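Protein chains in written order, with my numbering: chain A, 454 to 704; chain B, 2 to 322.
Any given hint could turn out to be false.
[As the list claims (entries may be wrong)] Over 10 Å on every C-beta distance to chain A, these chain B residues come out as not near it, computed from the model:
| no. | residue |
| --- | --- |
| 1 | A25 |
| 2 | A131 |
| 3 | M135 |
| 4 | T153 |
| 5 | L170 |
| 6 | I190 |
| 7 | G192 |
| 8 | A211 |
| 9 | L222 |
| 10 | R254 |
[Stated by the list, open to error] Which chain B residues face chain A? A few, computed with CB under 10 Å, are given here:
| no. | residue |
| --- | --- |
| 11 | N39 |
| 12 | A40 |
| 13 | I42 |
| 14 | A179 |
| 15 | F195 |
| 16 | V198 |
| 17 | A201 |
| 18 | Q204 |
| 19 | P216 |
| 20 | R218 |
[Unchecked claim] Label pairs and their in silico Cβ distance ranges:
| no. | chain 1 | residue 1 | chain 2 | residue 2 | range |
| --- | --- | --- | --- | --- | --- |
| 21 | A | A584 | B | G111 | 36 to 42 Å |
| 22 | B | V123 | A | N493 | 41 to 47 Å |
| 23 | A | A512 | B | G256 | 45 to 51 Å |
| 24 | B | L302 | A | R598 | 54 to 60 Å |
It should be emphasised that the hints constitute simulated quantities derived from the structure, not laboratory data.
Computed from a predicted model, the values in this text were never measured in an experiment.
Note that beta-carbon positions come from the ideal geometry of N, C-alpha and C, so glycine has one too.
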Amino acid sequence: MIAPLLSVEGLTKRFGALLVSDSVTFAVEERELHALIGPNGAGKTTLINQLSGTLPSDAGRILFADEDISHLPLEARVRRGLARSFQITSILPDYTVLENVALAIQARSGSSFRFFGRVGQERALNDEATAVLTRVGLVGRSTARAGTLSHGEKRLLELAIALACRPRLLLLDEPFAGLGQEESQASIALLKELKSDVAIVLVEHDMDAVFSLADRVSVLVNGRIIASGTPDTIRVDPLVRNAYLGDEELA
Amino acid sequence: MTGGTAAAANSSRAWRHPAVWLFAAFLALPIPAHFGANAYILSFATHAVALGLAALSLDLMLGIGALASFGHAAYLGIGAYSVAILSDMGHDDLLVQIPVAIAVASVFAGITGFVSLRASGVYYIMSTLAFGQMLYFLAQSLSAYGGDDGVTLAARSRLAGSHLLASDLGLYYVTLAALIAAYVLLDRIVGSRFGRVLGAVRQNPMRVRAVGLDPFRYRLLASILAGSLCAVAGVLLANQSEFVSPAFMTWQRSGELLVMVVLGGMGRLWGAVLGAICFLTLEEVLPGLTDNWKMVLGALLILAALGRGSRLSQLFKGVGR
Ligand SMILES: Nc1ncnc2c1ncn2[C@@H]1O[C@H](COP(=O)(O)OP(=O)(O)OP(=O)(O)O)[C@@H](O)[C@H]1O
Ligand SMILES: [Mg+2]
Chain A
454 MIAPLLSVEG
464 LTKRFGALLV
474 SDSVTFAVEE
484 RELHALIGPN
494 GAGKTTLINQ
504 LSGTLPSDAG
514 RILFADEDIS
524 HLPLEARVRR
534 GLARSFQITS
544 ILPDYTVLEN
554 VALAIQARSG
564 SSFRFFGRVG
574 QERALNDEAT
584 AVLTRVGLVG
594 RSTARAGTLS
604 HGEKRLLELA
614 IALACRPRLL
624 LLDEPFAGLG
634 QEESQASIAL
644 LKELKSDVAI
654 VLVEHDMDAV
664 FSLADRVSVL
674 VNGRIIASGT
684 PDTIRVDPLV
694 RNAYLGDEEL
704 A
Chain B
2 MTGGTAAAAN
12 SSRAWRHPAV
22 WLFAAFLALP
32 IPAHFGANAY
42 ILSFATHAVA
52 LGLAALSLDL
62 MLGIGALASF
72 GHAAYLGIGA
82 YSVAILSDMG
92 HDDLLVQIPV
102 AIAVASVFAG
112 ITGFVSLRAS
122 GVYYIMSTLA
132 FGQMLYFLAQ
142 SLSAYGGDDG
152 VTLAARSRLA
162 GSHLLASDLG
172 LYYVTLAALI
182 AAYVLLDRIV
192 GSRFGRVLGA
202 VRQNPMRVRA
212 VGLDPFRYRL
222 LASILAGSLC
232 AVAGVLLANQ
242 SEFVSPAFMT
252 WQRSGELLVM
262 VVLGGMGRLW
272 GAVLGAICFL
282 TLEEVLPGLT
292 DNWKMVLGAL
302 LILAALGRGS
312 RLSQLFKGVG
322 R
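Excised from the complex, chain A in its bound form (with noise of 0.2 Å):
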């Protein structure tokens, strides 16, 4: 058997007196999608801040394709595949949409330390920063300013930015938190797409969209991990019906 792409072991991390990671062990397969689920405030985005570099454990290791990323910091970890979307829109309000997916286009590809190129004149930053865009459907705002979105387009311009790292991990932290029905459903059907190239991590609220996607399903409460399998098991799972999803919400 060969090792899974992501694998974590006893994580765990503390603020101050509340344990809100509870020596978190799972494991993410290539190409696998992973839902994440739990009740506000189970610890899911402190999970994925951890996984992502942005905030150190306090015990526990992350092996990523084989290394121990444990104590590398975020920027290192997105360099070799492991990129996240943040819960709280994180964009560059000023640059128009182009530039934003052109500056991670740009991190990977060749130094930053070029001081005299004109980089709005880079064809082929710009070329790939659009085919990005293309694929998430905001290709028509990429002269917009980025401030100047509305909170889908934003969303969009998220997962946008996160796929022009060209991860091979991707932790998505409630992509769908506040999009309307059909801004929805075009996001689930642009993730359906996603998944046979990319493996991800993903964190929602919206059961329709978890149980459609996820090839398996943990739940976290309390900064545990309760239960981890198909969808099919967690959804009669008793434990977990009793822990978390009320009945109706699994009819």
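For this one, chain A is given, so just place chain B with the ligands on it according to the hints.
Coordinates of chain B with the ligands only, in the frame set by chain A:
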């Protein structure tokens, strides 16, 4: 958008660019000055152009990188003392003095930036102020160069062996040439890959990290570049005043440089130059009009700051990781 202020990008529109008008006015200035109070106007203009260069360099940090350094005048001091000390040692050519000033400024910016840039927001500002003050007190202790009183230069610097700077007009045009060269250089840099990262670091450092880049390196290099260019301004300013003292690098002077950049509008490069001219002109003209000129100046500054409020607020957001 910060994708290059681009005077040169589109030559058919270049004449409309404010920088072109600004520099054209500077180039033509000696003509009317020739018929008026020649020496005074030319000396004032040289002073203004040199400080314009200092403000321009600070705009790379403040306007593009959101780094509100409160110690930038230290680099004027480094440039000025390079002239005083090297001239004293018999090296009175700009071709020696400028490279030495740039080297010393780079080392100082590298070391102090390495420390200051670990701090964030107000702590960064305080840290740059502290380093600036350290250099100020060091200059005060240089008894061989007059200590607190400073030292008068025996002569202006030479340029490649020539005595071009000995004439006021020669010094003016050399100073102006340095300003224009620095502007063209920074305009290119702002529009480059490096400039795009630096502008992104200003807007959202976490986003920059999340695409795989370390903001610290870009901030540090911007500080070194800005310090180096400001040291060149110090070299020219020393030649203009023919006198060097710790007063070149007071914290008040650092504050004035910040004010110039804000007054002219941050992040536009030519705005910093315009801000320097406006500030120095107001400082010259207002005292003749009213005793409360500092209040008038203060009110003007508040208006300028409000006009660019959104950018100003970014200064106090996180600088560190
Ligand atoms: N920086 C912090 N300092 C102290 N406590 C924190 C910090 N960040 C999060 N917490 C606490 O840790 C717990 C987990 O928060 P987290 O944001 O990870 O939850 P979540 O599962 O993402 O919730 P949601 O579904 O609402 O996004 C919460 O109780 C929260 O208040
Ligand atoms: Mg969360």
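Hint by hint, here is what the structure shows:
Remark: the non-interface label on A25/B is consistent with the geometry, its nearest Cβ contact in chain A lying 24 Å away (cut-off 10 Å). For A131/B, the shortest C-beta to C-beta distance to chain A comes to about 27 Å, beyond the 10 Å cut-off, and the non-interface label holds. Every beta carbon of chain A lies more than 10 Å from that of M135/B, the smallest distance being close to 29 Å; the non-interface claim holds. No Cβ of chain A approaches the Cβ of T153/B within 10 Å, the least distance being about 39 Å, so the stated non-interface status holds.
Taking the minimum C-beta to C-beta distance to chain A, about 32 Å, the non-interface status of L170/B holds against the 10 Å cut. With a closest Cβ-Cβ approach of about 5 Å to chain A, I190/B is found to fall inside the 10 Å limit, against its non-interface label. Taking the minimum C-beta to C-beta distance to chain A, about 5 Å, the non-interface status of G192/B is violated against the 10 Å cut. Separation of A211/B from chain A is inadequate, the least Cβ-Cβ distance of about 6 Å not exceeding the 10 Å criterion.
For L222/B, the condition that its CB be more than 10 Å from all CB atoms of chain A is violated, with the nearest at approximately 7 Å. Non-interface call for R254/B relative to chain A: holds, since the shortest CB-CB distance, roughly 28 Å, exceeds 10 Å. Interface restraint check for N39/B: the shortest CB-CB distance to chain A comes to about 39 Å, outside 10 Å, so the restraint is violated. With its C-beta approaching chain A no nearer than about 39 Å, A40/B sits outside the 10 Å limit, and its interface hint is violated.
The interface hint given for I42/B is violated, since its Cβ lies 36 Å from the closest Cβ of chain A, which is over the 10 Å cut-off. Because the smallest distance between the Cβ of A179/B and any Cβ of chain A comes to about 19 Å, over 10 Å, the interface hint for this residue is violated. For F195/B, the suggested interface contact is upheld, since its CB lies about 5 Å from the closest CB of chain A, less than 10 Å. With 10 Å as the threshold, the beta carbon of V198/B comes within range of chain A, its nearest partner Cβ sitting at about 5 Å, so the hint holds.
The criterion of a C-beta within 10 Å of any C-beta in chain A is met by A201/B, whose closest approach is roughly 5 Å, and the hint holds. Taking 10 Å as the C-beta cut-off, the interface hint given for Q204/B holds, the closest approach to chain A being about 5 Å. Of the supplied interface hints, the one on P216/B holds, with its beta-carbon coming within about 9 Å of a beta-carbon of chain A, less than 10 Å. Restraint check, R218/B versus chain A: the minimum CB separation of about 8 Å is within 10 Å; hint holds.
Take A584/A and G111/B: their Cβ atoms lie about 39 Å apart, and the range 36 to 42 Å holds. With their beta carbons about 34 Å apart, V123/B and N493/A fall outside the hinted range of 41 to 47 Å. Look at A512/A against G256/B: about 47 Å separates their beta carbons, and that is inside 45 to 51 Å. At roughly 28 Å, the beta carbons of L302/B and R598/A sit outside the given window of 54 to 60 Å.
Going down the numbered hints, you'll see the structure goes against 6, 7, 8, 9, 11, 12, 13, 14, 22 and 24, while the others check out.
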